[in-house]
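Since chain R is already given, all that's left is putting chain U on it; use the hints.
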Amino acid sequence: MSRIIGIDLGTTNSLVAYVDQATGLPRVIPDAEGRPLLPSVVAFTPDGIVVGDAARRQLARRPADTVYSVKRLMGRGFDDVKDEARYLPFRILPGEGLVKLAVGGREVTPPEVSAAILKALKERAERHFGEPLDKAVVTVPAYFNDAQRQATKDAGRIAGLDVVRIVNEPTAASLAYGLHRLSEGVIAVYDLGGGTFDVSILRVKDGVFEVLATNGDTHLGGDDLDRVLALWLLEDIAVRHHAELDRDCVDLARDPEAMQELRLAAEAAKIRLSSEERTTLTIPFAGFTYRREITRGELERLIEPLVARTLGPARRALADAGLTAADIDQVVLVGGSTRVPLVRRRVQELFGKAPHSQLNPDEVVALGAAVQAHILAGGITDMLLLDVTPLSLGIESLGGIVNVLIPRNTTIPTSAREMFTTSVDGQTLVDLHVVQGERELAKDCRSLGRFELRIDPMPAGMPKIEVTFLIDANGILQVQAKEQRRGKAASIEVKPTYGLAEADVARMIEESFTYAEADVETRMLIEARNEADTVLVHAGRALTQGAHLVASDERAAIEAAVASLRAAREGSDRDRIHEATTAVNRATEHLAEVLMDAALKGALGSRRATEILGEP
Amino acid sequence: MFSGEATLRKNFFEVFGLPRKLAVDSAELQRQFYALAREHHPDFHQAAPPEERARVEETSALVNAAYRTLRDPVARVDYLVRLEEGRETREGDTARPTAPPALLQEMFEIQEALAEAKTGALDDATRATLGEQRAALSARLAEEEARLTGPLSARWDGASPADRPAVLGAFKEALATRAYLRTVIDDLSQALGEETEGRHGSAGATRMNGGTGGHVGASRQ
Numbered sequence: 246m247s248r249i250i251g252i253d254l255g256t257t258n259s260l261v262a263y264v265d266q267a268t269g270l271p272r273v274i275p276d277a278e279g280r281p282l283l284p285s286v287v288a289f290t291p292d293g294i295v296v297g298d299a300a301r302r303q304l305a306r307r308p309a310d311t312v313y314s315v316k317r318l319m320g321r322g323f324d325d326v327k328d329e330a331r332y333l334p335f336r337i338l339p340g341e342g343l344v345k346l347a348v349g350g351r352e353v354t355p356p357e358v359s360a361a362i363l364k365a366l367k368e369r370a371e372r373h374f375g376e377p378l379d380k381a382v383v384t385v386p387a388y389f390n391d392a393q394r395q396a397t398k399d400a401g402r403i404a405g406l407d408v409v410r411i412v413n414e415p416t417a418a419s420l421a422y423g424l425h426r427l428s429e430g431v432i433a434v435y436d437l438g439g440g441t442f443d444v445s446i447l448r449v450k451d452g453v454f455e456v457l458a459t460n461g462d463t464h465l466g467g468d469d470l471d472r473v474l475a476l477w478l479l480e481d482i483a484v485r486h487h488a489e490l491d492r493d494c495v496d497l498a499r500d501p502e503a504m505q506e507l508r509l510a511a512e513a514a515k516i517r518l519s520s521e522e523r524t525t526l527t528i529p530f531a532g533f534t535y536r537r538e539i540t541r542g543e544l545e546r547l548i549e550p551l552v553a554r555t556l557g558p559a560r561r562a563l564a565d566a567g568l569t570a571a572d573i574d575q576v577v578l579v580g581g582s583t584r585v586p587l588v589r590r591r592v593q594e595l596f597g598k599a600p601h602s603q604l605n606p607d608e609v610v611a612l613g614a615a616v617q618a619h620i621l622a623g624g625i626t627d628m629l630l631l632d633v634t635p636l637s638l639g640i641e642s643l644g645g646i647v648n649v650l651i652p653r654n655t656t657i658p659t660s661a662r663e664m665f666t667t668s669v670d671g672q673t674l675v676d677l678h679v680v681q682g683e684r685e686l687a688k689d690c691r692s693l694g695r696f697e698l699r700i701d702p703m704p705a706g707m708p709k710i711e712v713t714f715l716i717d718a719n720g721i722l723q724v725q726a727k728e729q730r731r732g733k734a735a736s737i738e739v740k741p742t743y744g745l746a747e748a749d750v751a752r753m754i755e756e757s758f759t760y761a762e763a764d765v766e767t768r769m770l771i772e773a774r775n776e777a778d779t780v781l782v783h784a785g786r787a788l789t790q791g792a793h794l795v796a797s798d799e800r801a802a803i804e805a806a807v808a809s810l811r812a813a814r815e816g817s818d819r820d821r822i823h824e825a826t827t828a829v830n831r832a833t834e835h836l837a838e839v840l841m842d843a844a845l846k847g848a849l850g851s852r853r854a855t856e857i858l859g860e861p
Numbered sequence: 004m005f006s007g008e009a010t011l012r013k014n015f016f017e018v019f020g021l022p023r024k025l026a027v028d029s030a031e032l033q034r035q036f037y038a039l040a041r042e043h044h045p046d047f048h049q050a051a052p053p054e055e056r057a058r059v060e061e062t063s064a065l066v067n068a069a070y071r072t073l074r075d076p077v078a079r080v081d082y083l084v085r086l087e088e089g090r091e092t093r094e095g096d097t098a099r100p101t102a103p104p105a106l107l108q109e110m111f112e113i114q115e116a117l118a119e120a121k122t123g124a125l126d127d128a129t130r131a132t133l134g135e136q137r138a139a140l141s142a143r144l145a146e147e148e149a150r151l152t153g154p155l156s157a158r159w160d161g162a163s164p165a166d167r168p169a170v171l172g173a174f175k176e177a178l179a180t181r182a183y184l185r186t187v188i189d190d191l192s193q194a195l196g197e198e199t200e201g202r203h204g205s206a207g208a209t210r211m212n213g214g215t216g217g218h219v220g221a222s223r224q
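Read top to bottom, the protein sequences are chains R and U.
Going by the numbering used here, the residue at position 363 of the first sequence is 608; the numbering climbs one at a time, nothing skipped.
Going by the numbering used here, the residue at position 112 of the second sequence is 115; the numbering climbs one at a time, nothing skipped.
Result set (BS3-like, lysine-lysine): computed pairs, CA atoms no more than 30 Å apart in a straight line: (1) R:K327 - R:K345; (2) R:K345 - R:K380; (3) R:K709 - U:K13; (4) R:K688 - U:K121; (5) R:K688 - R:K327; (6) R:K450 - U:K13; (7) R:K345 - R:K688; (8) U:K24 - U:K175; (9) R:K727 - U:K13; (10) R:K450 - U:K24; (11) R:K709 - U:K175; (12) R:K709 - R:K727; (13) R:K688 - R:K709.
In case anyone wonders, no lab produced these hints; they're calculated from the structure.
These numbers come from a predicted model, not from an experiment.
Same shape as in the complex, but just chain R (with noise of 0.2 Å):
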């Protein structure tokens, strides 16, 4: 069996790894400045698609074109992500069905843009091996929906990948745990990730990994802490900076360069605060630098309500378990956001024991994808995974009740079998609407899509159709339908509610090649752009800031060089554009000590230099 990498394709940051045949441990393969982290971010330019650090560093200077998260947008419909869409930089279109957002002068769906990443990291693994792939394991959370799961798979397509397999991610962490022999046991895998938080809970026993249930939320993460964070600092910067925010007639919230800017210093004092009791923002804008000390206090008093989302669906895995928190022998934390102290005692506080997390917390569940694509391809055998499906599958039946077929932590793969009749003389159609949820109401709950049974004409009563459901390992639905007295297979058209229709796909498969990343070449130009727009970003800055401080003949050396690297910025040429910066950076050095001196001396209040020109 050909090769197959594990990926795990984040929220944040997404991974590859693969298992080492010499030493049978898994391990992530980095890129060539060696980082094991790609950031799941994915820019559209003039010049083509970019991805990973050169995307995420253009979040603030374009931030209509750079897409982040897309995976809290897969298998969704615009109603579902409208309210989440106010705070999003680029344009998500109103209409039916799956989400389309506008970028770059076009329109993609979330799967596009996962694809986008998903093809990196298959660019990324074929540079390692030196030969093509075409064959990958990807996880996803394991409270996605079969939609989600489903869109992961089109994405994996349009990338030019078989997703040979869906697994869930706090799963794969187990596998790694488990290949480690760290875990045996029950088990409860708490994952909070950059979208999303799922928690698990397995036995583990002779190499077998049973899950014995699942909860969680997708829409709860990383992201929505920065959040809360990020709209608190926007106001206080409302009331501290009034004056100046008046005299510029400037509303932060309608500035997508600036709100991204706010997001990103939130992210980043976040992070520290998981090390540090306190730490210092800094976040230069157009007119003013806002600088202010937060403590971990502070940060944990407005991320409470967030952390505390989580304990519910906790509880709830440990009742459909048959535990209680007491049978719990470990506790493993995965995801980025178990970092963050007040995550982790809740935690503790909820199980009664300290969680543990020996293996790298962003890179395990690449670790688990790796280790399932080595059993798949045959190089383990005494592993075995037995997962659950998340959400209970049923039917809507008269009066739009649910009839479940299929209860939620079922082991899969698992299957159902219902008869249905005709209430009609010589009905020909018999209309199947699957949704996936645990309320009981249909339009409650998650809807799958539309199954259209056609058969022959027959008096009402008389035909008796036997439905089979099928999930499949990956935990995605399959129908098939018989009608019994004639012994005919019904024939069945898929009306997905939130998918991708076949067709679709293949222009998608098309279109990527169309569309594709841009090369080298033209990546390093759209970086040298990039360096090119934070360098004038700085000088236009400390212009305006220092300009007084300086004789007219250094403001206008200055002036010149930035007009020269603007009209570099504009032409293809890398080198021209490279010149053109560095000439900047040396017509402001002088002017930065200026400022510096200034500072020192309180002349721009308790401002540093380097915030307003930025770090060397």
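Just chain U now, with coordinates in the frame of chain R:
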């Protein structure tokens, strides 16, 4: 689509090589389940041709369903009843379970209180009454389940072929009572404004698979 593979034609008891009896050694059942799961799980048949992979998936689904049903004493009884009556494939209706005659009298009061609770806000006294009623019904449900999985199940295992129809009748009565009690308990919880997510139950320990969960209605033109 459904191949003639021997395993696929087996009923849940046969999958585990068990007689149609209700006494099951759960440790042994789990050991066997792990062995069968290893044999049939799609993970270990990735290199097989597509038709064989599809068959493996179905076999694996059958093994999982059989284990889920047999490890739960109530689901075991429910399945046995359907198996004995030759209706393994669920079909029924979506009607709510109706009160068994024996319960009619005492249910009248509860239904009254529930109807009242639906029309207006609950005062503390009504709330307390509903809570008490729910506690009483929950105790009764536990009793009914204990009877079903204890003495009644033992009676089946010892019954002669001639006695079996009577035991089956008793099972059906007990299952109907149980279904009804669960519905009313859910209604009470809902009236009390408590979380009813999970009304369907989980596949976990006490979930009764299928049984009274109705069906169909998909006969629209």
